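Residue numbers (this note's numbering), protein chains in the order written: chain A, 1 to 323; chain B, 324 to 628; chain C, 629 to 934; chain D, 935 to 1442.
Be careful, since some hints might not be right.
Restricting the straight-line Cα-Cα distance to at most 20 Å, the calculated cross-link-like pairs of lysine to any residue (SDA-like) are [what the hints assert, rightly or not]: (1) C:Lys-844 to C:Val-743; (2) D:Lys-1329 to C:Ala-674; (3) C:Lys-844 to A:Gln-81; (4) B:Lys-385 to D:Thr-1186.
Derived by calculation from the structure, the hints in this document are not laboratory data. The model shown is predicted, which means the values in this text are computed figures rather than measured ones.
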Amino acid sequence: MALLEIKNLQVSFDTAAGRILALNGVSFSLERGEVLALLGESGSGKSVTAAAIMDLITDPPGAINEGTIHFDGTDILPLPQNERRDLCGSRIALIFQDALAALNPVYPVGWQIAETFRIHGRTPAGGINQAVLDLLTAVGIPDPGRRAKQYPHEFSGGMRQRIMIAMAVALEPDIIIADEPTTALDVTIQAQIVDLLDRVRKRSDASMIFITHDLGVVAELADRVAVMYAGRIVETADVVELFEDPRHPYSNGLLASQPRMDSDETELLPIPGSAPNPADLPSGCAFRTRCSRSADICAKTVPALQSMGPGRQVACHFPVVPA
Amino acid sequence: MTETASELLNEREAANGRFAWFLRALRGDPMAVAATIWLLIVVLAIVADVFSLLGEHRISLKARNLPPFDFSQIWTLWLGADALGRPLLVRLIQAASTTIGIALVTVLTSLVGGTLLGVIAGYFGGFIGNVIMRISDIILGFPTLLVALFGLYLFGPSVLNLILVLAITRMPAYIRVARAETLEARERLFVDAARVFGGGSLWILRMHILPSVAPTMLTLASVNLAMVMLFESGLSYLGLGIQPPAVSWGLMVAQGQGYLSTAWWLGFFPGLAVMLTTMSFNLLANWFRIVNDPSQHWRLVSRRR
Amino acid sequence: MSLAYFVRRIIFAALALAALMTSAFILVRLTGDPVNLYLPVDASDAAREAMRVRLGLDRSLLAQFLDWAGDMLRLDFGMSLWHNRPAMDVVLEALPNTLALGAIALTLAFLAAIVAGSIAAVNAGGWIDRGINVLSQAAASVPDFWLGLMGVLLFAVTFRLLPTSGFGGPVYWVLPIACLFARPFGTLVQIVRGSMIEALNATFVRTARAKGARSKRVIFVHALRNALLPAVTVTGDLAAQFAGGGGVVEVVFGFPGIGKLLIDGILKRDFAIVQASIFAVAVVIFIINILVDMLYASIDPRVRVE
Amino acid sequence: MTTISIGRSTKIGLLALSLAASVVIPGHAAAPDALTVVVTDEPKSLDPCDTDLSGNARVLRNNITETLVNLSPKDGSVEPSLATAWEQVDNLTWKFTLREGVTFHDGKAFDAAAVAAALKRAQDPALACEVGLTTLKSLVLTPEIVDAKTLVIRTDIVEPILPNKLAALDIGSPATPADAKSREPIGTGPYKLTAWRPGQSITLTAFDKYWSDKPVIQTATVLWRAESAVRAAMVDTGEAQIAYEIAPQDGTTANDHAFPNAETSLLRIDQEVAPLNDKRVREALNLAIDRDGLIGTIFHAQAQKAMQVVLPSVFGYNPDIPVWTYDPEKARSLLDAARADGVPVDTEIVIYGRIGIYPNSSESLEAIQAMLADAGFNVRLEMLETSPWLKKLLKPWDAGRQPSILQTQIDNTEGDAVFTLPNRFTSDGNTSSIADPKLDTLISDASKATGDERKRLFQDAFKYVAVDAINIVPLFHMVTIARVAPDVNYVPDVQAGNEIKLKTISYR
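All chains should be built: construct the whole structure from the sequences, respecting the hints.
This is the structure in structure tokens:
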């Protein structure tokens, strides 16, 4: 039994232009101790997936129409709101992309970390204050006694993300969901944060869903990858397999459009066109308008996610065949 | 999420035309619809009055303080008659053109003046900018009603003075906002780009600064329209605004005050008219703000609320 | 907010006050000669001239100004012609009434607006929200003097529950407070609702929810404090407006506050009263602004460093 | 923290609500010896020498301070008060015998010295007392103390009606400062001032050493409210027992008493400017106004159509001047005749009104404007606040001014035509829009004359103003309405405009 099992998740939003489907039948699972990367362009539904797990879809305008999310054997979607809240923060934690926006500007950071303990009524052995200081030390913030009393705007971007991480791992959750945690940071800081995340995860042996569009980070952290496009998962694979042998044309395109250290190819091949308008998706396979392999059938039927080897699924009528 | 919604919205707008979009957005806000209907009625009534379609209404001391809701009378008397026997409904309509006319001219004056001064202060800064801002601070730092009151005593109550005094007391708010918006716009990349390409100050102001300042200023103006109406009513009520025989809603309330216990309708209906009209302007301003803020658009069209 | 900041602020305020008082001096003297108002119609021209001389109105504007400026520096605002007493005494009698009236009305409006605005924001789009929206828009749009008159008609004349007007025990305060309450309440509800919706959609609120915080905590601990910031600013502006007296409302209820005093002072060309009240109002507004800044800084740590 | 504040605010809100609900005032049952009177304005000074303004006089006159003599409300004759007897010794000398056993509220004895001091004070130009500036104007009175109870007053010119004039002079205690106005009047009257809370109220309490009958009412409170409807309602709600200046539309109940207030409303014609310099045009103005239509609607039903500017009770009133009839046809033909003679009849004429000069003042002018327009006049109405209105009332006027008529009213509480005519209708009068040597002589002769000749000359002068010159559009002898609670025994008389005779009031 997987720790987290998502099946056929459908999430919609009402906008001025009509109802759009942000997630359209997303299914994947996460094993204990596993790091799963959700890979895709912005707007492909990665963050919505995280929001759905954390019960952060604002209704209205958003709504979860179908699907199940099994956590530790229980479908958590039908649970009363307060029970879901109890899971959040204690067993599933979320780290946001922009730590400045994600930290409350009017409270000291130490208070905000301590709040996690207070919300869940946990008092660690040495007391909450000591636990906060320990956490700050653990995520590499110098002089934690002084820094804990400071406000978010008094920290640098990297430091703020460290605080977010401290907050997320405070109760040693089973799953850490990191939603593009490094996107807003300088390149040099990015590596430190990825490193830190890896460290704290391993410390508590948590699972992690790592949402990103950065293939480099995926390669460094992930065990498995799920590639998303226009609200669907188009390919899941072991990280090594995906990098060596992408099957979906979109995964293939993603890899080809980024420089790689392990390849001699110097020419980059960008994917033509841009991400489709979610309110006005092409019929059939959403990727067909940008796909060199598309044929008539692609406009008629949506390709189902089909197993192609162990732990590997692809949704394409004409998958790339390994060379 | 919201960003994507706004992106596609712009495409839609381009496709369907702005007007159709407005109509659709209006449909999503029943209060805005009610406000629009009320304002349309008021405007139609004023137009009818301008073209003398309401008939002639002479002073008739016999019909003095005729009570309202006597539907056996001619329809103009359905809201009763005033202290000189003129149909209250017709008086209300005549007062509407004064009240709304003054509000519109005042807001337009302070909008144009305030935007210009604010943009100048923001774009050029320097000594002149400082002087403009300090003077606005002083005016703004003092209760608007008192400043207006003072001005009207100084220059005497007349329509022109009323407009000037209200426009000047409201102007600093526009100056402040326009300056802040200009400072922001000035720093934006495209202005730099324009500068690199050799655009003169005037060109930059006209092509880049003004268009980016305009939406905020218009929103401010729509809020102010309501505020100015309230101020005008208050001043006329105190006897400093519109003077008889001219008539405005505020003045009608003041005149009706003497009949509070004998003919309540004389003061009640004009006050109600002020409230409904002010409220309509406020509601439309609200709606206008949402229309101009793409992240709020779903409120206007969502079927489930 | 360092000491230097305060000193700078006080210096600027003093300069602004000096400019304000000077312009008030000049403007007040342009509003016309008080002599006709203070002498009976039948008084002879000689008597009129004698009064002008006695009041020093026959001298050049410059001479009058120098005298006046000297008095001003000694905080001497002169005698009120109408009240026949030192103007500042009269003003200081009226000021507490106005401040109490404004403070009560504004505090009630602020608190009620936070409750109503938060409820509306949490239920954004629902019928409760719509109800609060209509109510607050109506409150923000109602002319206060009209509300006062209708209140008198209804509660004093018809039902005889409250006194018609005047000044005295708590019952005399109910209607004026209710009238002054309406507009700030309506305005603040709109603002609280807007900033609350914004705060509820802010990422830090999502963080709080992701941490497992339940709705109450999210709303009251995380969103509300952030949403208060604009409401505090606007309340400060409103307080400054109220410091000048509930203007029209004070007139409607014959409430002996600074607004009525100033309006009467202008009507009666009572220069000393006008100047003393303007001075008092300006000082009060200055203090209110400082208080609002301090309050703001206590709510928003980001302001403190600047 | 914020959670708590919400809870607290809800509580405060509930508290305020319950407060509003619970503090329902159970009627304002007044004590049997307490009375509340509501007037329009707060008194200005309460100095005994400032009793020309009704606001001051109502509180002071015959309540706190008293005068040497009173005028009878019935016929205007002079009655003793603080003086028991008086005689004219010669043309320029009067002798007054003062009442014995009268003391001021501060314990000082009332004597000739006190009267002399009050007289001196009233005439001191530096104090600019209202009494000195109006009633005692252009008259120099020199007091001479014969003994404590005998005072001789010498005049610089012949003053046949000195006692009438002295009815306006309130006598304050010698302790009243001689060089400044007082806010704490000390008199000999039945009441002493106990409190003046500025902006709120004035309280009087009975003076236990009063020289005459002790009043029933022990405590009287004077309040002021600007609105007629509010004042009227206050009597109904029991907040007050007597309310003055009730507007005609409010004054229709059994509790409302109308009394003539010595005021005559009129429009003053600026007859020096064309087309108003043509007598036919001025006559047309008078004929175009439907006075009957205004009575009982905008003006009170008990107002009397006026033909001159004083009431019948005033010495010098001319009963033989006809009241103008309403004849718009004739007005139109007069205008046509004038137009034919080249008079610029179609020039715009301004009506200057004064806001609140009497109840419904702007409505009355709106109605009159419509009537004049119907008769073919080109009239515009301009309502003014008191200060700018005074500029139009008082000379000097602009030479190039527009033709205008001015809303005003003239009061005469002193009972003699000399208080009305000179300043308003002579060449050098500062509110006179007529400069006619013949009228000047007439008025000047009348002022000096006595007895029947004085009466005849004044009657001629009134006739000349109204009929020969047509300088005015007389409107109405006005009434004031007072609302009196049904359980209060008080019928306002002709002097109620200036005096609240508290000592005559009792509960039924």
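Quick rundown of the hints versus the structure:
1. C:Lys-844 to C:Val-743: Cα-Cα ~13 Å, so holds.
2. D:Lys-1329 to C:Ala-674: With a Cα-Cα distance of about 13 Å, the restraint between D:Lys-1329 and C:Ala-674 holds, given a limit of 20 Å.
3. C:Lys-844 to A:Gln-81: Roughly 12 Å separates the two Cα atoms, so the pair holds.
4. B:Lys-385 to D:Thr-1186: Status holds; Cα separation ~17 Å.
In this structure, none of the earlier numbered hints is contradicted; all agree with it.
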